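**Q** Listed here are the chains, written in short residue letters.
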Amino acid sequence: MIEQRRVISVIVLNEHGVLSRITGLFAARGYNIESLTVAPIPGSKYSRLTIVTSGSPRVIEQIIKQLHKLIPVYKVIEHSEIVEKEMVLAKIPLEESLADVEALCRAYNGNIVNIGQESVIIMAADEPLRIEHFIKAIERFNPKEIVRGGVVAVER
Amino acid sequence: MAKMTGARMVVEAMREEGVEVVFGYPGGAIMNVYDEIYKHRYFQHILTRHEQAAVHAADGYARATGKVGVAFVTSGPGFTNAVTGLATAYMDSIPLVVVSGQVPLSMIGTDAFQEIDAVGISRPCTKHNFLVKSADELPQILAEAFYIARTGRPGPVHVDIPKDVTAQLGEFSYPKDVKIETYKPTIKGNARQIKKAVEAIAEAKKPVFYLGGGIINSNSADLVRELVAATQIPAVETLMARGTLRYDDPMLLGMVGMHGTYAANMAMSEADLLIALGPRFDDRVTGKLSEFAKYAKIIHVDIDPSSIGKLVHVDYPIVGDLKAILQELVPKAKEKVNPQRYESWREILQRYQELHPLTYEDSDKVIKPEWVIQRVGEKLKGKARISTDVGQHQMWAAQYYPFTRPREFITSGGLGTMGFGFPAAMGVKRGVPDEISINISGDGSILMNIQELMTAVEYRFPVINIILNNNYLGMVRQWQTFFYDKRYAETDLSMQPDFVKLAESFGGVGYRAKTKEEFDEALDDAISKGVVALIDVVVDRYENVLPMVPAGGSLYNMLLEYKD
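Each protein sequence line maps, in turn, to chains A and B.
Residue 98 in my numbering sits at position 47 of the first sequence, and the numbers go up by one each step.
Residue 1838 in my numbering sits at position 512 of the second sequence, and the numbers go up by one each step.
Hints are supplied without guarantee of correctness; some may be wrong.
[Unchecked claim] One side only, chain A facing chain B, incomplete, derived with CB under 10 Å:
1. Gln55
2. Arg56
3. Ile59
4. Val63
5. Leu64
6. Gly75
7. Leu76
8. Ala78
9. Ala79
10. Ser107
11. Arg109
12. Glu112
13. Leu121
14. Tyr125
15. Lys126
16. Ser131
[Unchecked claim] Between beta-carbon pairs, the in silico distance windows are:
17. Val198/A with Leu1431/B: 33 to 41 Å
18. Ile197/A with Gly1344/B: 44 to 52 Å
19. Asn1545/B with Ile186/A: 37 to 45 Å
20. Pro1501/B with Arg80/A: 30 to 38 Å
21. Gly1833/B with Gly75/A: 53 to 61 Å
[Unchecked claim] Residues from chain A that face chain B, not an exhaustive set, calculated with beta carbons under 7 Å:
22. Arg99
23. Ile122
24. Pro123
Source of the hints: derived by calculation from the structure; they are not laboratory data.
The structure displayed is predicted, hence computed values, not measured ones.
No residue lacks a Cβ here, since even glycine has one placed at the ideal position from N, Cα and C.
Construct the entire structure; sequences and hints are all you get.
**A** And the structure:
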């Protein structure tokens, strides 16, 4: 069966061990997590998790049903029409052409966010696929470190 | 309201929940709770001799009564011993609340004496679990624990309480109604789906009822009997559903699956409609999935949406409480379904039953294990509860015992836990004291919790253990015979204790039966004396459980006999 990439948001009670319940479910059943982001929902007792996963339609269906089954899960949102964004930070040596670096960042909705003694830190925030392209593009500037933030998503 | 300690809250919560018995084993981290048990005798506490047995006993109690079983254990090794019990209950959806002690909050994470990440360990084998952080949370958490255990798809819930929390003072106000915002099991089935299912039944030519453990858990066997009688559609039972229909119900084709009857497995293979009521399509039932019920559309009723469509495609999914759904479905089916329609189908299946009935070759020289089960059935059907351990004896019991009602057969299905039978049978005896509690075991299984003879003797639980002793780890030996060229790697259990003396040394009564007469005498004597008994029955060493569908094989390819 064809593997499909899916973005699933899970609204959970903010309580002890809840993240481990979710990741444990994926681990125990051999489901794949490509990325996972979590943060509290402002002004509520809930947190929102955004999980990027992939699998056959049957696996995706099971993931959703199994997530629903967890007691602290309030809601599982299976996105179809969504806006997805991911952030990435990278450390570029100072000797690289900063003008070129900055121009590249701008093209990916980012810029230089810090300049240190040996390197600059750049940031970009864009759709996950474009982030992949950005990461490829900055390779020519010899990045020392690249940190991806994971996907966040919201329905349109 | 006066303040009280967390430990006192635990016993008060048991009183609020109407708990009549707790099985357990004390230890350092749960001593505060035990001190309260000593002071307030709200319920009977039964001291098992192993934590695993405490949880199995609570489980047996729950299976026999339908109530929530409760066990208390201490931290660290006390808790890890309890895990097999939790996993057993989880796989079979049995409502339990297991309370464990934990090291004080300030010591959690320091690798303290008898510390273990209990909630981390129990997470994958419980329906839900809690680590209590303060005494103030305790009433709410305990109320939620009982509520979660018994509602929806039932299951075990684990509550881990640090020692300082049991010493802390807090307000005790026990919630009368529990509402959990994030947990709302679906009870009522979708009316349109139910209607469609009834139409599908009315239009089918070769329908089969596929009866699962959900029937027992939801107490809907009466409705199922009504439905089967009204529609005259043949039915098969899973291991967990045994007793749903009476053994002599003309519509019952027997158990389905790996050791199911020929007729039951052929019915599944040839059916054009499976009416699945509360089963979970376990691999021991389905065999090879691609060949399973190939010609059938499937109606699947289950309270757990994740059970539906997990393994096979379902045409008519109905999520909800089986009882609530049947209350709606049965009258509709009575109205719409014409039982005459399936007459030729019934005839086909009857021929299958006649062609390959469930049978064995009896002998005068050696006791056949199947004979023992039949004999117990002749003497006790309808009057006893039958628990089993796991292995050949379990399958023979499931095949040959004449079950008359639900909750009569107590067995570890999903996890297949050796050592389950005896402690569970004690819990059964505590739950239904007026009935005889029989544990059918093997010489391998019984040794896994034999220490409970002491508990049974102390609390006068006259459980009769019948050991079908073939000096082998029989089921593994059977597989070695069929699939490993008789290389009996580590399955020979010739080295054995003297079971008679062993029973006597604990204060019970031991019998050895080498002939049918001896067995009859032993069983009669044990029943009339009402004692903790152990009957060591020397049976045919080489008997196999048949029919058999080899693991991963298709249901219609059964081994019906084995000749050496």
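**Q** Holds or violated: Tyr125/A as interface residue toward chain B, Cβ cutoff 10 Å?
**A** Since the shortest Cβ distance to chain B is 4 Å, the answer is holds.
**Q** Using the beta carbons of Ile197/A and Gly1344/B, state whether their distance is inside 44 to 52 Å or not.
**A** 60 Å, violated
**Q** Given Lys126/A as an interface hint, is its Cβ closer than 10 Å to any Cβ of chain B?
**A** 8 Å, holds
**Q** Have a go at the Glu112/A hint: is there a Cβ in chain B nearer than 10 Å to its own Cβ?
**A** Since chain B brings a Cβ to about 7 Å from Glu112/A, closer than 10 Å, the hint holds.
**Q** With a cut-off of 10 Å on the beta carbons, see whether Ser107/A makes it to chain B.
**A** It is violated, given that the least Cβ distance between Ser107/A and chain B is near 12 Å, above 10 Å.
**Q** Just to be careful: measuring from the Cβ of Gly75/A to every Cβ in chain B, is the smallest value less than 10 Å?
**A** 6 Å, holds
**Q** Given Leu76/A as an interface hint, is its Cβ closer than 10 Å to any Cβ of chain B?
**A** 8 Å, holds
**Q** Would the stated hint for Ile122/A survive a check requiring a Cβ distance to chain B of less than 7 Å?
**A** 4 Å, holds
**Q** Does the nearest C-beta of chain B fall within a distance shorter than 10 Å of the C-beta of Leu64/A?
**A** 6 Å, holds
**Q** Hey, does the Pro123/A contact hint survive, CB to chain B under 7 Å?
**A** 6 Å, holds
**Q** Let's test the interface hint: is any C-beta of chain B closer than 10 Å to that of Ala79/A?
**A** 5 Å, holds
**Q** Given a hinted range of 30 to 38 Å, is it respected by the beta-carbon distance of Pro1501/B and Arg80/A?
**A** 33 Å, holds
Checked against the numbered hints above, the structure violates hints 1, 2, 3, 10, 16, 18, 19, 21 and 22; every other hint is satisfied.
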